[in-house]
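Full structure from sequences and hints, please.
Protein chains in written order, with the working numbering: chain A, 15 to 648; chain B, 15 to 648.
Hints in this document: simulated from the structure, not taken from any laboratory. Fair warning: there could be bad hints in the mix.
One copy or two, it doesn't matter: identical chains are merged, so the pair holds either way.
In the DSSO-like style, the derived pairs of lysine-lysine whose C-alpha atoms are separated by at most 30 Å in a straight line are [stated by the list, open to error]:
1. K496 x K30
2. K489 x K326
3. K374 x K240
4. K631 x K81
5. K521 x K611
Protein chains: 2
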Amino acid sequence: MGCAPMGHILYDEVMKYNPKNPYWFNRDRFVLSAGHGCMLQYALLHLAGYDSVQEDDLKSFRQWGSKIPGHPENFETPGVEVTTGPLGQGIANAVGLAVAEKHLAARFNKPDAEIVDHYTYVILGDGCQMEGISNEACSLAGHWGLGKLIAFYDDNHISIDGDTEIAFTEDVSARFEALGWHVIWVKNGNTGYDEIRAAIKEAKSVKDKPTMIKVTTTIGFGSPNKANSYSVHGSALGAKEVEATRNNLGWPYEPFHVPEDVKSHWSRHTPEGAALETEWNAKFAEYEKKYAEEAADLKSIITGELPAGWEKALPTYTPESPADATRNLSQQNLNALAKVVPGFLGGSADLASSNMTLLKMFGDFQKNTPEERNLRFGVREHGMGAICNGIALHSLGLIPYCATFFVFTDYMRGAMRISALSEAGVIYVMTHDSIGLGEDGPTHQPIEHLASFRAMPNILMFRPADGNETAGAYKVAVLKRKTPSILALSRQKLPQLAGTSIEGAAKGGYIVSDNSSGNKPDVILIGTGSELEIAVKAAEELKKEGKTVRVVSFVCWELYDEQSAEYKESVLPSSVTARVSIEAGSTFGWQKFVGDKGKAIGVDGFGASAPADKIYKEFGITAEAVVAAAKQVS
Amino acid sequence: MGCAPMGHILYDEVMKYNPKNPYWFNRDRFVLSAGHGCMLQYALLHLAGYDSVQEDDLKSFRQWGSKIPGHPENFETPGVEVTTGPLGQGIANAVGLAVAEKHLAARFNKPDAEIVDHYTYVILGDGCQMEGISNEACSLAGHWGLGKLIAFYDDNHISIDGDTEIAFTEDVSARFEALGWHVIWVKNGNTGYDEIRAAIKEAKSVKDKPTMIKVTTTIGFGSPNKANSYSVHGSALGAKEVEATRNNLGWPYEPFHVPEDVKSHWSRHTPEGAALETEWNAKFAEYEKKYAEEAADLKSIITGELPAGWEKALPTYTPESPADATRNLSQQNLNALAKVVPGFLGGSADLASSNMTLLKMFGDFQKNTPEERNLRFGVREHGMGAICNGIALHSLGLIPYCATFFVFTDYMRGAMRISALSEAGVIYVMTHDSIGLGEDGPTHQPIEHLASFRAMPNILMFRPADGNETAGAYKVAVLKRKTPSILALSRQKLPQLAGTSIEGAAKGGYIVSDNSSGNKPDVILIGTGSELEIAVKAAEELKKEGKTVRVVSFVCWELYDEQSAEYKESVLPSSVTARVSIEAGSTFGWQKFVGDKGKAIGVDGFGASAPADKIYKEFGITAEAVVAAAKQVS
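In structure tokens form, the structure reads like this:
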């Protein structure tokens, strides 16, 4: 395999890690962005002494229950930092890991104590280089001057469709120079160990820029008949060619056998890693004595243990509190949380003033001010999401949030799915969450987005209706470190409603008001976000006409699904089939809660460019429509 | 407005168009990728004599029913070529438009008849430049040597969050040179008309590369107090500043008033445009006489009228036909269609041999072989989708398809939504459509994707079960020129089932088998794609036990929704509530068809890395599970 020398040198000579504690904080981070080379990484983890990859594991590659799946997955294999395979994610994750290091080093290091200090290494291939996400992330890496990020570009000239000549003829090195990177070319990556070592040394000497080392290699190097061909990309060599390759490379051993001299050479990593950690622990004990406050913050970031009473910082509201857009209420929460949660940081994809995401007590994280906590991602949604995954997976207590208009989750869904799959608790602050954004029109108005995320595993889709529900959403989002959260927030002002609460929101669905008794209202009206107000208004109308009405807020379907059957029966009694839901988005999926006899009011076509009130009226997202539907179903 | 001179020069001096026939085939194409400048484009269309933008329309900007919405939309405003606003889409669309021109010119021009010959112009801003999709598309434009693509980069140094210094400091010109573009810099874009004219001339002289003209401008140029500030990006100047700007620019006229001399100057475009079209028509009449066959093909591409009997080329299958993966059956359809549909072309994002998308009778569309029809997109899914939108919107009869693994629709959803919104009938060939892909594991296994597209307006989500249904899906996809289609196709082999048909598939949902009478089976089993076979097997088991069972295939929910109430009652009679659905994907949304008393079998968590059979068994996607569920509900 052409990228073997890079991996070999990194794990055997360069990287600082402790195989017996894969999660030791100050380790160097390694990302295999070119996911198909994962078998190499598994083999290196095995050699290096990680317990997660035993000989038997190597034999169960890609099999049910195996600890080494078909692409690297952090949640399956300790020692694997992030989940890659989908191309371009890994290099962008690496940028996030390097951001985390640069930020923490700037915040916590002292002239007499360099307590945070590690490199981030990444190997990426032609596929990753072609993906837009990698250009986004690498443009930011150059802008931020991430000097401790070192990327190896495995330039093997082969992708799945064959020679890269058919689709990829740009000058990658020149592009990286344009992005502000230091670029080195190792021409013989197959056997040029000394050149690779020299390149790493040079890369480390350049402290104000990330470095890309283009390493020209031959895919399947060593295989006499299949090297330099696309057929080795995703497929096994086959028994005959394996034999030929063994002969060619002079490797006489049985499959999976590690010769004693190799074993003995690599065995030093276990004691050396333990020593590194012991040394660092001593250093940190020293630091703790001198800088108690900083040490407490850093400890919280390392362990993920939140400071006691942090949740008291969350704002609460009464019906008398001023009406406001949930994007503004979100900003109150973000600023409250940043004051008490040491690892809270984030930003927007060039919409900070629309998404309302600025942390007012902090400046911008920039090349020369990396201790600050407002990240400026530019218009790079996909890169932003993947960078946040890297930050979240750097340390348990780093809680990154990122923001854009809700509709532009379409640009970053690849990274959001990896948040969900890789258990990275990123908080997605998504404003302008419906046709209620008005004049920008259908290109900017989300319709199917709520449904599309409700269908995605392990991600919480919140749509809070007011201040209390926004605070409730943030409370859960901060606590759920292994599940990302999305907050869909309004551009338009919304009233603070009676009956909403942090506790209610944390249950996902709950009763906001009810004038019936015996758990048997005439009709149940269900709303989310900006339409909960409409449900409340409709209920008032219906009550005037003598009906008993329950209003239910469904701020997060996934949390509601987690509640007990008993609780659910208390909210949506099976005997009450007269149910109406209202939400300014696709009705897809609502049948689950309104049932066969209920009615879902929503928007199943694209939006329109006009003032919000006008669009709501024209699209029938009104209290009148709810009242009419309630009469139909009850 | 800083980009006014570029727009002005293009519409008044450079571009070839006919305002009274905005869709005249051989016109130059113009794309405003920087969507916020749309008011400028509307004003230019108005001046140029397009009927679509009258004075009254200009006054109704962003209002309900207006023909000029908040971002440019091709389906609202004749003269607007594509739908932009979401950043980076427009430049990628422009690449697609230029691909279409280069392809058609190479295929149809003769030494004595240059019948296809136009430029594609695009204005893009800093926001578009930051987006990964633009780097993807521009890398391909350089690779393909699209010499007739001329991009103006409105370098105004301002994006919504303020000065681009905070997030965008790369050397854009150097990046474009690395991508293989010719680059020109106009330093005074505010008033440097002659420099812009000279740059366009130079760009046209470079025939083997696309050109980027970086035009340094001042945002809000002319506004004495708000120029060069982010506050003019998306907001109105306000009455006071409008007044100050008018004074500053010496513009004494009433709002919306076009002075007579300006009117008279621009009035020449109507007769000149008509003359251009007349001249071209004469040229084409000549061409038709000499090259009847080519002329017929080009006419079909221009008008979108398909050749008579084209649908007879679609393959059909019987239960005796060999079992095959639907991705392979798809390739049979693609190749059959390319033989009879002149405007059929497409390709894959570096997975041609996995997606099975190669047209065997054609070579690769490349810089020097642009007459060929296999497009090699490299690993650039988002760019691919937007390029296909550009191709589809170039001419009604161009039918582009593009392909990747179904899970990677997450990378291109931004472009797919624009297909749906802008009525671009792109065909998305999405293979490896479930956990059935096996060993590649959860990063590659779609779960929520079917649901996420079923919720999206104006896009058809097909999941065919075998050969006949695959052909049915293609038949509809080719016919629906204003609605894009997605085909989710299996990696694994599937049998050809009894009872499937092209006609059935075209109805979206239909009865595949039934041993009951009187529209009253004991139970209805519903399957899609690879799980229809499982439903059929379960039905056999249940029948053995004496049950009457109907098996329904739900190949496309959206088409089923379009059927009459009577038809739907004949497929899913309301009296039969015993219903079970099975699909190897999220159960989200299935309640709609199985109802309160039915049961949906699916996969609501992430997948796993193992052989497909093993995963199906472990996840309970089996005939046994269907039989058990059927007994529970009936």
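Now for the hints, and whether the structure bears them out:
{"no.": "1", "hint": "K496 x K30", "verdict": "within (26 Å within a copy, 57 Å between copies)"}
{"no.": "2", "hint": "K489 x K326", "verdict": "within (10 Å within a copy, 60 Å between copies)"}
{"no.": "3", "hint": "K374 x K240", "verdict": "between (58 Å within a copy, 25 Å between copies)"}
{"no.": "4", "hint": "K631 x K81", "verdict": "between (55 Å within a copy, 19 Å between copies)"}
{"no.": "5", "hint": "K521 x K611", "verdict": "both (25 Å within a copy, 26 Å between copies)"}
When held up to the earlier numbered hints, the structure conflicts with none and fits them all.
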